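Given only the sequences and the hints, what does the whole structure look like? Please build it.
Take a look at the letters that make up each chain.
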Amino acid sequence: MAGYEWITLTTDYGLSDGFAGVLHGVIAAQAPWVRVVDITHQVPPGDVSRGAAVLAQAVPYFPPAVHVGVVDPGVGTARRAVAIQTPRGILVGPDNGLLAGATDALGGAISVVRLTNRSWFRPDVSHTFHGRDVFAPVAARLAAGVPLADAGPALDPATLVRLPEPVMELGDGYLEAEVVTVDRFGNVQLAAPATALDGLGEHLLVGGVRATRADTFADGQPGRLIVYVDSAGKVALAVNGGRAVVAPGVTPGDVLRITAT
Amino acid sequence: MAGYEWITLTTDYGLSDGFAGVLHGVIAAQAPWVRVVDITHQVPPGDVSRGAAVLAQAVPYFPPAVHVGVVDPGVGTARRAVAIQTPRGILVGPDNGLLAGATDALGGAISVVRLTNRSWFRPDVSHTFHGRDVFAPVAARLAAGVPLADAGPALDPATLVRLPEPVMELGDGYLEAEVVTVDRFGNVQLAAPATALDGLGEHLLVGGVRATRADTFADGQPGRLIVYVDSAGKVALAVNGGRAVVAPGVTPGDVLRITAT
Amino acid sequence: MAGYEWITLTTDYGLSDGFAGVLHGVIAAQAPWVRVVDITHQVPPGDVSRGAAVLAQAVPYFPPAVHVGVVDPGVGTARRAVAIQTPRGILVGPDNGLLAGATDALGGAISVVRLTNRSWFRPDVSHTFHGRDVFAPVAARLAAGVPLADAGPALDPATLVRLPEPVMELGDGYLEAEVVTVDRFGNVQLAAPATALDGLGEHLLVGGVRATRADTFADGQPGRLIVYVDSAGKVALAVNGGRAVVAPGVTPGDVLRITAT
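Protein sequence lines, in the order shown, are assigned to chains A, B and C.
Numbers 147 to 407, taken from my numbering, label the letters of the first sequence in order.
Numbers 147 to 407, taken from my numbering, label the letters of the second sequence in order.
Numbers 147 to 407, taken from my numbering, label the letters of the third sequence in order.
Hints in this document: simulated from the structure, not taken from any laboratory.
Do not take every clue at face value.
Identical copies go unnamed one by one, so any copy, or any two together, can satisfy a pair.
[What the hints assert, rightly or not] As a list, the in silico DMTMM-like pairs of lysine to aspartate or glutamate whose alpha-carbon atoms are at most 25 Å apart: (1) 380 - 361; (2) 380 - 302; (3) 380 - 279; (4) 380 - 270; (5) 380 - 296.
Keep in mind the model is a prediction, meaning the values are calculated, not measured.
Okay, here's the thing in structure tokens:
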């Protein structure tokens with residue numbers, strides 16, 4: 147097999163400890179030709195849902211790669227470790243829902259294996275750092291082109307853990323949708339596609355606050371809440387020159403109601 | 147043309163979302179041989195002035211490169227997107243002043259083009275993420291050695307947006323200068339060259355606070371404010387063993403007065 | 147000499163300024179074939195002890211490399227700058243204890259030189275940014291395979307500055323140990339090897355708080371303090387589903403007492 151030249155990393159390890167650097171080291175030692183890209187290591191600790199959203203929205207922009215995701219509050223327990231072959235790369239990580247959105251974004255699972263072949267792991271696997279001891283070494287081996295089937299027994303893709311679908315309801319003159327992420331700029335991404343805005347018009351209420359349909363941040367009056375389609379194709383909220391999150395005071399998981407006025 | 151082996155990235159995207167990673171992905175997909183270096187993604191959101199200072203002080207230390215800067219509160223509006231050829235590399239980003247200092251630091255603009263050739267962009271350019279859809283793909287193409295002139299029409303370099311010059315006034319026995327940046331260590335960099343300290347002597351007042359002229363942090367008494375020339379050749383303030391910013395309580399944009407005593 | 151393909155960076159420069167990016171630039175300009183990996187740039191400013199712990203725990207996972215460490219509150223003073231040859235790579239940085247643990251982790255010092263050869267430095271070495279002007283250029287030259295002895299005069303390894311050994315005392319039914327680090331997840335690492343727990347049993351008191359000996363985070367009841375062996379082989383504390391640091395309220399340098407019940 148041809149293997150992969152690229153490995154990406156998405157974790158909640160942060161950048162203050164050496165954990166993310168160690169993943170680079172393990173891969174460098176084992177597959178020195180591989181180019182490693184950090185998608186982010188700043189997923190909030192243990193926030194599988196947030197990690198899944200970041201990963202799903204980033205992987206489509208990469209060349210074929212082995213994508214490692216480690217947001218793994220169940221590390222050391224019976225939760226399965228998996229590798230998922232898709233048409234556009236392989237995903238490696240815990241089977242806790244983290245990889246599901248990215249799997250869809252890369253074209254769906256062609257085959258899945260449970261990572262059980264201990265000869266692919268580092269010796270003396272720790273109970274708490276499977277990124278270093280399991281996922282990075284497995285990714286390095288897959289990047290080298292070793293067949294996925296050698297990593298462990300095949301799993302039925304239908305048995306992969308999936309996160310609950312976020313709330314999204316379209317009604318007569320309204321849209322209700324769950325907040326997926328609030329980004330660094332305070333822009334609020336909802337679990338609704340662009341088409342969900344069809345027919346709601348230009349003048350909207352978001353949780354009772356007046357808002358305007360706009361194309362870009364600067365379209366609204368300064369300080370005005372705008373509803374737009376973000377760069378991932380989702381309905382989103384922003385405040386021109388401000389932080390959208392301040393206006394509606396929302397966090398991921400909240401459900402917002404947008405109504406026509 | 148020979149092209150470039152290096153692309154650098156300076157943005158306000160932060161590292162908590164996948165935005166910076168996506169830039170790496172776009173470049174990897176399009177110009178896989180390029181080596182990508184992050185200068186910083188932690189410019190405060192929308193702080194063009196701060197981004198310009200960081201970029202200008204970093205680019206001189208790189209080999210010839212395509213430097214991408216994206217601090218772009220006007221994304222999606224009529225603000226121009228540009229590429230600037232200098233003797234030591236190309237700068238790519240919005241025409242909002244972000245690139246001006248770096249242009250000077252690399253030897254000045256030889257030629258400038260407005261980025262209008264949509265065949266160089268990603269299809270379906272979003273309104274809010276031109277780093278991904280415009281600047282990264284353009285940088286990848288320029289790194290491949292495609293002539294700058296193919297990216298769009300030439301612009302007169304004199305029309306590039308420049309930030310206001312920071313305040314700097316030298317008088318009889320005093321120096322007044324604007325705070326450019328406060329770095330992670332609390333060191334306060336002023337918009338004044340080393341020579342601005344000539345003739346002020348060893349014993350100084352900074353906004354009324356006693357300070358000492360010193361070569362390095364440890365020269366002052368512990369807790370004492372020192373005035374020194376920083377690693378960018380600018381006048382700067384620090385507290386030995388502390389954070390300078392605490393003493394004068396300043397932020398970028400403030401103007402400080404240093405007087406001889 | 148063969149030289150090295152890898153350079154790692156561990157600093158307290160943070161990621162908000164361009165300092166870390168500049169190190170990459172200097173190395174890229176001087177040794178473009180080298181692959182540079184960031185272990186971390188988020189060591190708390192000036193915290194040599196923390197930097198030493200991060201570096202020592204990360205370097206064993208890398209292929210042979212030049213490891214640059216810069217946590218250097220004495221920059222610009224008479225503190226020595228050194229390069230340390232070990233069986234598995236070279237360490238470069240200030241002689242303030244930062245490199246000692248990593249030296250041990252890589253098999254000990256074979257030879258040490260004081261960095262005095264100014265032709266290896268950047269011209270016009272600043273007083274405050276030796277990462278850029280001294281350590282990065284020296285690392286690039288060593289990666290190129292230039293003999294260590296050309297960097298300056300040999301030093302007796304026994305004269306290298308070492309940090310005080312952290313407190314660790316094993317008694318009859320108790321363990322007292324210093325807190326080395328508190329990681330991003332709130333896990334508290336103590337300066338005690340796994341064997342220090344032998345004979346203390348399953349039910350413990352940590353500073354008077356009930357705790358349980360466990361293998362992994364999820365072994366305890368939710369909210370319960372657990373004592374486990376972390377991925378570096380050290381005794382550590384965590385709270386299942388929480389932040390260990392909240393329970394005992396500790397910071398690095400504190401000494402905790404663990405007793406059998």
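| 25 Å Cα cut-off: does residue 380 pair with residue 296 within a copy, between copies, both or neither? | neither (38 Å within a copy, 33 Å between copies)
| field | Status of residue 279 relative to residue 380 across identical chains (alpha carbons, at most 25 Å) | value | Between copies only: 16 Å across chains, 36 Å inside a chain, cut-off 25 Å.
| request: Can you give me the call for residue 380 and residue 270, within, between, both or neither, at a CA distance of at most 25 Å? | output: The answer is between: 14 Å across copies meets 25 Å, while 44 Å in one copy does not.
| task | If the cutoff is 25 Å on CA atoms, where do residue 380 and residue 302 land: within, between, both or neither? Let me know, please. | result | For residue 380 and residue 302, the Cα distance exceeds 25 Å both inside one copy (30 Å) and across copies (38 Å).
| Which holds for residue 380 with residue 361 at a C-alpha limit of 25 Å: within a copy, between copies, both or neither? | within (12 Å within a copy, 42 Å between copies)
Violated hints, in rising order: 2 and 5; the structure is consistent with all others.
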